[in-house]
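> The numbering of the sequence shown is numbering that gives the first Met the number 0, which starts it at 0 and goes up by one.
Quick caveat, the hints were computed from the structure, so don't treat them as lab data. Beta carbons: idealized from backbone N, C-alpha and C, even for Gly. Check before you lean on any hint, since a few could be wrong.
Here are the simulated lysine to any residue pairs, SDA-like style, with alpha carbons at most 25 Å apart [said to hold, decoys possible]:
#: 1; residue 1: Lys66; residue 2: Tyr52
#: 2; residue 1: Lys42; residue 2: Leu27
#: 3; residue 1: Lys122; residue 2: Glu106
#: 4; residue 1: Lys32; residue 2: Lys42
#: 5; residue 1: Lys36; residue 2: Lys66
#: 6; residue 1: Lys99; residue 2: Arg29
#: 7; residue 1: Lys68; residue 2: Leu87
#: 8; residue 1: Lys32; residue 2: Lys101
The calculated label-pair distances, taken between Cβ atoms and stated as ranges, are [what the hints assert, rightly or not]:
#: 9; residue 1: Glu145; residue 2: Glu121; range: 28 to 38 Å
#: 10; residue 1: Ser88; residue 2: Asn132; range: 48 to 58 Å
#: 11; residue 1: Val100; residue 2: Leu77; range: 31 to 41 Å
#: 12; residue 1: Leu87; residue 2: Asn132; range: 31 to 41 Å
#: 13; residue 1: Ala152; residue 2: Glu112; range: 55 to 65 Å
#: 14; residue 1: Met26; residue 2: Glu112; range: 47 to 57 Å
#: 15; residue 1: Ile129; residue 2: Glu149; range: 27 to 37 Å
#: 16; residue 1: Gln143; residue 2: Lys101; range: 52 to 62 Å
#: 17; residue 1: Glu81; residue 2: Met26; range: 23 to 33 Å
#: 18; residue 1: Ala85; residue 2: Lys47; range: 18 to 28 Å
#: 19; residue 1: Ser117; residue 2: Asn153; range: 40 to 50 Å
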Amino acid sequence: MENNKYSFLAIGKAKKRRTDLDEVLDMLDRTTKRIQKTLEENKEFSAKQAPIYEQILLSKDASEAQKVKALFGKAFELDRLERLSAQLSLLYTLQIFAFKVKVLEIEVGNIDEELEKSGVLEKHMEIDSIKKNIEALKILVEAQYESLKEIRANQDKNLQYIN
0 MENNKYSFLA
10 IGKAKKRRTD
20 LDEVLDMLDR
30 TTKRIQKTLE
40 ENKEFSAKQA
50 PIYEQILLSK
60 DASEAQKVKA
70 LFGKAFELDR
80 LERLSAQLSL
90 LYTLQIFAFK
100 VKVLEIEVGN
110 IDEELEKSGV
120 LEKHMEIDSI
130 KKNIEALKIL
140 VEAQYESLKE
150 IRANQDKNLQ
160 YIN
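With the hints as extra help, turn the sequences into a complete structure.
Right, dumping it as structure tokens:
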């Protein structure tokens, strides 16, 4: 009966982990949606700003300072889009990984339940218990053997003393 208690604890922990994993998946989903929205907004803003930057860069009336400012502005916009895109890609990868972990966790839980239903888990634990008992008996036999060796050695000494 005690073996079942541990199995149920393991299943309870697996369910707890599933809950934690669900929270992680939800958090990743919310973050991904937020970054996706931010990326789309920045793309729109960059699309509006790009012609302005180009116009300043090509303008003969713009000063060097304005052209440098426009060039840096354009570079910063592109850098921001690239950074957001990389973050989004990473979040998608994390979502896929977390989902695969969840699938594996469910599969392991199902296998554990099947093992418990079939009694294989209990038989395995019984075999482990028997192995531990055998190890304990081996230790006792070895100790008894050592004691017998000492007794024989002492008897031999005593017999030599008598002769």
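> Confirm or reject each hint.
Hints, verified against the model:
1. Lys66 / Tyr52: Cα-Cα ~8 Å, so holds.
2. Lys42 / Leu27: Within the cut-off at roughly 22 Å; holds.
3. Lys122 / Glu106: Holds, at about 22 Å.
4. Lys32 / Lys42: Holds, at about 15 Å.
5. Lys36 / Lys66: violated (30 Å)
6. Lys99 / Arg29: Holds, at roughly 18 Å.
7. Lys68 / Leu87: violated (28 Å)
8. Lys32 / Lys101: holds (20 Å)
9. Glu145 / Glu121: 28 to 38 Å: For Glu145 and Glu121 the Cβ distance comes to about 36 Å; the hint holds.
10. Ser88 / Asn132: 48 to 58 Å: This hint holds: roughly 56 Å between Cβ atoms.
11. Val100 / Leu77: 31 to 41 Å: holds (35 Å)
12. Leu87 / Asn132: 31 to 41 Å: With Cβ atoms ~58 Å apart, the hint is violated.
13. Ala152 / Glu112: 55 to 65 Å: Hint holds: Cβ distance 58 Å, inside 55 to 65 Å.
14. Met26 / Glu112: 47 to 57 Å: Once the Cβ atoms are compared, 28 Å apart, the range 47 to 57 Å for Glu112 and Met26 is violated.
15. Ile129 / Glu149: 27 to 37 Å: Given about 30 Å between the Cβ atoms, the range holds.
16. Gln143 / Lys101: 52 to 62 Å: holds (54 Å)
17. Glu81 / Met26: 23 to 33 Å: Taking Cβ atoms as reference, Glu81 and Met26 lie about 24 Å apart, which means the hint holds.
18. Ala85 / Lys47: 18 to 28 Å: Cβ of Ala85 to Cβ of Lys47: about 23 Å, so the range 18 to 28 Å holds.
19. Ser117 / Asn153: 40 to 50 Å: With a Cβ separation near 55 Å, Ser117 and Asn153 fall outside 40 to 50 Å, so the hint is violated.
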